Amino acid sequence: GAVVSQHPSRVICKSGTSVKIECRSLDFQATTMFWYRQFPKQSLMLMATSNEGSKATYEQGVEKDKFLINHASLTLSTLTVTSAHPEDSSFYICSARDGQGPDTQYFGPGTRLTVL
Amino acid sequence: GNSVTQMEGPVTLSEEAFLTINCTYTATGYPSLFWYVQYPGEGLQLLLKATKADDKGSNKGFEATYRKETTSFHLEKGSVQVSDSAVYFCALSPARGDKIIFGKGTRLHILP
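In the order they appear, the protein sequences are chains A and B. In this text, residue positions in the first sequence follow this note's numbering: the first is 1, and each later residue adds one. In this text, residue positions in the second sequence follow this note's numbering: the first is 1001, and each later residue adds one.
Calculated from the structure, these hints are not laboratory results. Please read all numbers here as calculations on a predicted model, not as lab measurements. Careful: at least some of the hints might be erroneous.
As the list claims (entries may be wrong) - Pairwise CB distance ranges (calculated):
hint	chain 1	residue 1	chain 2	residue 2	range
1	A	T114	B	T1005	28 to 38 Å
2	A	S18	B	P1040	40 to 50 Å
3	B	G1009	A	H85	29 to 39 Å
4	B	S1083	A	A2	22 to 32 Å
5	B	K1056	A	I12	37 to 47 Å
6	B	P1112	A	L68	43 to 53 Å
7	B	S1014	A	D65	21 to 31 Å
8	A	Q29	B	E1016	41 to 51 Å
9	A	S73	B	E1042	24 to 34 Å
10	A	E22	B	G1029	39 to 49 Å
11	A	T17	B	P1112	41 to 51 Å
12	B	S1058	A	G16	46 to 56 Å
13	B	G1078	A	R10	30 to 40 Å
14	B	E1016	A	N51	42 to 52 Å
Claimed, not checked - Derived pair list, reagent style BS3-like, types lysine-lysine, alpha-carbon separation capped at 30 Å:
hint	chain 1	residue 1	chain 2	residue 2
15	B	K1056	A	K41
16	B	K1077	A	K41
17	A	K64	B	K1104
18	A	K14	A	K66
19	A	K41	A	K64
20	A	K41	A	K66
21	A	K66	A	K20
22	A	K55	B	K1104
23	B	K1060	A	K41
24	B	K1068	A	K41
25	A	K41	B	K1104
26	A	K20	B	K1104
27	B	K1104	A	K66
Every residue gets a Cβ at the ideal spot worked out from N, C-alpha and C, and that includes glycine.
When you get a sec, could you build the whole thing from the sequences and use the hints?
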């Protein structure tokens, strides 16, 4: 089946630094990618929808200047957490939609971000 | 708006017991409905889905039927195994290709 990878799987950074997370679709072209955030023992919260070649659409309450999303190609989307703070520590998950296939979303394994 | 409500966990069962995890939804129009599973230390996996009323999704012995009249999509399995221990998320997509809205998840523990 379709595979979505994320890199890194874990990252620890100091407060005030920026962190970039990559999401790749390995064997299909993803016209749309989604970024979610999952707090411990809670559900996934959609942060933004990313369409290749255009600006991301952010959900209400998500700061677009803090969570920068770039979807530069059909197989890669990046999420940059700028000036990270401890409250940004979370599990970030991306998903990718196969535009040519059965219209299923495939999820990445997630990235655990810890901000000290 | 669109939302998903599923039963609170954790749910603890003995092996070979019958499982039901309740899920109800609120949506405008005709959403697609999903169950996703997250095994310990792994990413989300699609377990099953249904795209229209009265459809039944099934996979790995799990089943769920899209009930429009009760706005429900309950997950069932006749005989659970220890390997089914995971977190199960009920979800909906308001339209084809649209974002997915998740319930809070139900943690399932199966005892040997």
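Hint check results:
no.	hint	verdict
1	A:T114 x B:T1005: 28 to 38 Å	holds (31 Å)
2	A:S18 x B:P1040: 40 to 50 Å	violated (30 Å)
3	B:G1009 x A:H85: 29 to 39 Å	holds (30 Å)
4	B:S1083 x A:A2: 22 to 32 Å	holds (23 Å)
5	B:K1056 x A:I12: 37 to 47 Å	holds (45 Å)
6	B:P1112 x A:L68: 43 to 53 Å	holds (47 Å)
7	B:S1014 x A:D65: 21 to 31 Å	violated (51 Å)
8	A:Q29 x B:E1016: 41 to 51 Å	holds (43 Å)
9	A:S73 x B:E1042: 24 to 34 Å	holds (26 Å)
10	A:E22 x B:G1029: 39 to 49 Å	violated (34 Å)
11	A:T17 x B:P1112: 41 to 51 Å	holds (45 Å)
12	B:S1058 x A:G16: 46 to 56 Å	holds (50 Å)
13	B:G1078 x A:R10: 30 to 40 Å	holds (38 Å)
14	B:E1016 x A:N51: 42 to 52 Å	holds (46 Å)
15	B:K1056 x A:K41	holds (28 Å)
16	B:K1077 x A:K41	holds (23 Å)
17	A:K64 x B:K1104	holds (24 Å)
18	A:K14 x A:K66	holds (16 Å)
19	A:K41 x A:K64	holds (25 Å)
20	A:K41 x A:K66	holds (24 Å)
21	A:K66 x A:K20	holds (12 Å)
22	A:K55 x B:K1104	holds (29 Å)
23	B:K1060 x A:K41	holds (24 Å)
24	B:K1068 x A:K41	holds (29 Å)
25	A:K41 x B:K1104	holds (8 Å)
26	A:K20 x B:K1104	holds (27 Å)
27	B:K1104 x A:K66	holds (25 Å)
Violated hints for the displayed structure, listed by number in ascending order: 2, 7 and 10.
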